[in-house]
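**Student:** Residues per chain, in single letters:
Protein chains: 2
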Amino acid sequence: MSDSAILAAKAELPKAIAASAKLVDSALDAVLPQPAGRQARVQEAMRYAIMAGGKRLRPFLVLHSARLFGVEDTRALRVGAAIEALHTYSLVHDDLPCMDDDDLRRGRPTTHIAFDEMTAVLAGDALLTISFEILADARTHPSADVRCALIARLAEASGHSGMIGGQIIDMLADASFGVEDVIDLQRRKTGQLFEFSCEAGPILGGASPEDRARLKAYAEDMGVVFQITDDLLDVTSTAEKTGKAVGKDADMGKQTLVTLLGLEGARAEAEKRARRAVAALGPHAARAPELSALPFFLLDRDA
Amino acid sequence: MSDSAILAAKAELPKAIAASAKLVDSALDAVLPQPAGRQARVQEAMRYAIMAGGKRLRPFLVLHSARLFGVEDTRALRVGAAIEALHTYSLVHDDLPCMDDDDLRRGRPTTHIAFDEMTAVLAGDALLTISFEILADARTHPSADVRCALIARLAEASGHSGMIGGQIIDMLADASFGVEDVIDLQRRKTGQLFEFSCEAGPILGGASPEDRARLKAYAEDMGVVFQITDDLLDVTSTAEKTGKAVGKDADMGKQTLVTLLGLEGARAEAEKRARRAVAALGPHAARAPELSALPFFLLDRDA
Numbered sequence: 001m002s003d004s005a006i007l008a009a010k011a012e013l014p015k016a017i018a019a020s021a022k023l024v025d026s027a028l029d030a031v032l033p034q035p036a037g038r039q040a041r042v043q044e045a046m047r048y049a050i051m052a053g054g055k056r057l058r059p060f061l062v063l064h065s066a067r068l069f070g071v072e073d074t075r076a077l078r079v080g081a082a083i084e085a086l087h088t089y090s091l092v093h094d095d096l097p098c099m100d101d102d103d104l105r106r107g108r109p110t111t112h113i114a115f116d117e118m119t120a121v122l123a124g125d126a127l128l129t130i131s132f133e134i135l136a137d138a139r140t141h142p143s144a145d146v147r148c149a150l151i152a153r154l155a156e157a158s159g160h161s162g163m164i165g166g167q168i169i170d171m172l173a174d175a176s177f178g179v180e181d182v183i184d185l186q187r188r189k190t191g192q193l194f195e196f197s198c199e200a201g202p203i204l205g206g207a208s209p210e211d212r213a214r215l216k217a218y219a220e221d222m223g224v225v226f227q228i229t230d231d232l233l234d235v236t237s238t239a240e241k242t243g244k245a246v247g248k249d250a251d252m253g254k255q256t257l258v259t260l261l262g263l264e265g266a267r268a269e270a271e272k273r274a275r276r277a278v279a280a281l282g283p284h285a286a287r288a289p290e291l292s293a294l295p296f297f298l299l300d301r302d303a
Numbered sequence: 001m002s003d004s005a006i007l008a009a010k011a012e013l014p015k016a017i018a019a020s021a022k023l024v025d026s027a028l029d030a031v032l033p034q035p036a037g038r039q040a041r042v043q044e045a046m047r048y049a050i051m052a053g054g055k056r057l058r059p060f061l062v063l064h065s066a067r068l069f070g071v072e073d074t075r076a077l078r079v080g081a082a083i084e085a086l087h088t089y090s091l092v093h094d095d096l097p098c099m100d101d102d103d104l105r106r107g108r109p110t111t112h113i114a115f116d117e118m119t120a121v122l123a124g125d126a127l128l129t130i131s132f133e134i135l136a137d138a139r140t141h142p143s144a145d146v147r148c149a150l151i152a153r154l155a156e157a158s159g160h161s162g163m164i165g166g167q168i169i170d171m172l173a174d175a176s177f178g179v180e181d182v183i184d185l186q187r188r189k190t191g192q193l194f195e196f197s198c199e200a201g202p203i204l205g206g207a208s209p210e211d212r213a214r215l216k217a218y219a220e221d222m223g224v225v226f227q228i229t230d231d232l233l234d235v236t237s238t239a240e241k242t243g244k245a246v247g248k249d250a251d252m253g254k255q256t257l258v259t260l261l262g263l264e265g266a267r268a269e270a271e272k273r274a275r276r277a278v279a280a281l282g283p284h285a286a287r288a289p290e291l292s293a294l295p296f297f298l299l300d301r302d303a
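Order-wise, the sequence lines are chains G and R. When we follow my numbering, the leftmost residue of the first sequence carries the number 1, and every step to the right adds one. When we follow my numbering, the leftmost residue of the second sequence carries the number 1, and every step to the right adds one.
None of these hints come from the bench; they were simulated from the model. Any given hint could be a false lead.
If several chains are the same, the list does not tell them apart, and a pair holds so long as it fits within one copy or across any two.
Cross-link-like lysine to any residue pairs, in silico, SDA-like; alpha carbons within 25 Å at most [said to hold, decoys possible]:
(1) 272 - 31
(2) 216 - 37
(3) 254 - 37
(4) 272 - 32
(5) 55 - 286
(6) 216 - 38
(7) 254 - 38
(8) 22 - 254
(9) 216 - 282
(10) 216 - 52
(11) 272 - 108
Just need the whole structure built from these sequences, with the hints factored in.
**Tutor:** The following block contains the structure:
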């Protein structure tokens with residue numbers, strides 16, 4: 001894909017992201033329970049945590065990776081709702097006092113502040129549980145083999161060696177971490193869910209192993225771009241813009257690619273990864289301008 | 001099934017439970033990760049929490065409900081491992097300071113005491129996640145439709161309207177709760193997982209809806225027997241015997257069927273339910289002496 005084509009697609013991306021987020025919010029509203037009965041409090045907390053707006057980046061990746069392989073939006077959006085529920089559970093638990101102890105997320109009180117700690121633990125558990133419930137439902141895909149493939153991949157990506165493994169490594173990390181250590185940690189902690197999101201399209205569409213590998217490789221580099229730009233924001237932005245506390249990594253003596261490579265070095269690495277992500281898409285790069293533009297869009301982000 | 005046949009089966013039950021628990025412990029050892037790499041701590045905590053011995057009652061129900069319908073033990077034991085992982089996650093999270101704040105479980109320090117609170121939250125999350133990973137794996141059953149049916153049923157049983165719903169209701173419960181309220185709460189909090197365990201057999205065996213309904217009805221009454229005898233123990237036993245704190249319900253002003261019906265009334269209700277559970281099995285009662293004897297075995301339990 002040419003630089004000028006990517007530039008043009010990047011200009012259109014905010015609209016595409018907003019359109020996708022609107023579809024995802026509708027899908028989430030449809031699959032989440034309406035608070036009812038004595039258990040209403042936990043259902044309200046599930047909705048509070050997930051209905052916080054945002055770019056819905058993971059469902060965006062599912063939607064566009066699915067369209068590449070001719071998958072109906074309704075199916076992709078259910079998978080998008082599942083990954084967003086799973087991502088949200090991880091935020092709710094990460095914000096708890098025994099973990100990051102954050103009071104603010106997207107400019108609003110975190111779930112354990114708006115409700116209480118017990119309700120936040122349970123709402124997180126329920127969001128994790130419902131993500132598998134959504135995937136197991138025949139409305140997600142008529143083939144149970146496809147549904148089981150999605151469930152197995154999501155469990156692997158988010159489990160003890162994936163996202164949860166990354167979270168515990170992050171909690172125990174210290175100043176001795178080098179570049180490879182940080183990349184491994186971040187690939188587990190945030191990258192694995194991006195990889196699931198991009199592989200969901202080829203899985204739903206019954207694509208070839210080669211195509212699935214292309215989308216996975218794209219996601220791996222895109223995830224590094226996301227993480228570096230997130231770490232850059234942590235250093236350069238304000239709480240007002242990001243809606244959460246900033247400067248926490250440095251305060252806690254944690255290494256990131258920014259502390260290890262410097263601002264310039266980290267930015268150069270992100271740019272290299274952005275180009276490599278698009279290259280990994282191969283023949284699909286031009287057919288999916290939204291995916292091709294995304295890493296470059298992230299390089300410019302200020303929130 | 002005659003009273004004398006049940007009496008005979010009850011005498012054999014401790015051996016049957018011990019034999020099943022041994023098989024389940026092997027299955028758990030096989031499906032749980034070996035601690036490795038920087039994330040070892042969360043994997044160690046998963047094993048610490050689940051490898052605490054015990055009767056493995058839920059996997060016992062899966063195993064014997066599965067044998068009724070000609071299902072191979074290897075498959076039933078994988079489902080048993082999944083339900084035990086899920087049950088264990090719920091205990092780890094329930095024991096947290098923000099919930100029941102228990103330091104002791106089965107005579108050992110609870111997971112957040114033996115490790116720390118953060119690790120306990122993450123180990124619980126990982127046990128919940130792995131339970132769905134086990135079910136999605138083709139080794140559990142060759143039919144993906146069967147695997148998705150198990151996943152959907154487990155998610156429903158353990159989710160916002162099932163076990164988690166019961167947990168939040170329990171946390172918010174007060175002295176105004178009547179008999180029907182308590183039965184509803186306990187059916188969600190503990191009964192739903194028993195129902196899943198007993199329905200897993202007919203699901204794995206492709207049994208008729210009638211047979212599935214029989215096992216479900218059995219589980220519902222068996223669950224009430226379990227809960228009443230648990231509540232009786234909370235009043236009459238010692239921490240030494242049960243391996244956990246006792247007398248907590250009364251201390252916290254919570255209603256149970258024992259506080260509402262009295263010791264004699266609660267015991268009479270449990271006996272009525274035990275008989276009804278066996279009757280619900282219909283033609284299968286005599287073919288599954290382990291299931292038929294279990295409710296009566298629970299009536300005698302002292303731990």
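**Student:** Go through the numbered hints given earlier and state which of them the structure violates, listing their numbers in rising order.
**Tutor:** Result: hints 1, 4, 8, 10, 11 break, sorted rising.
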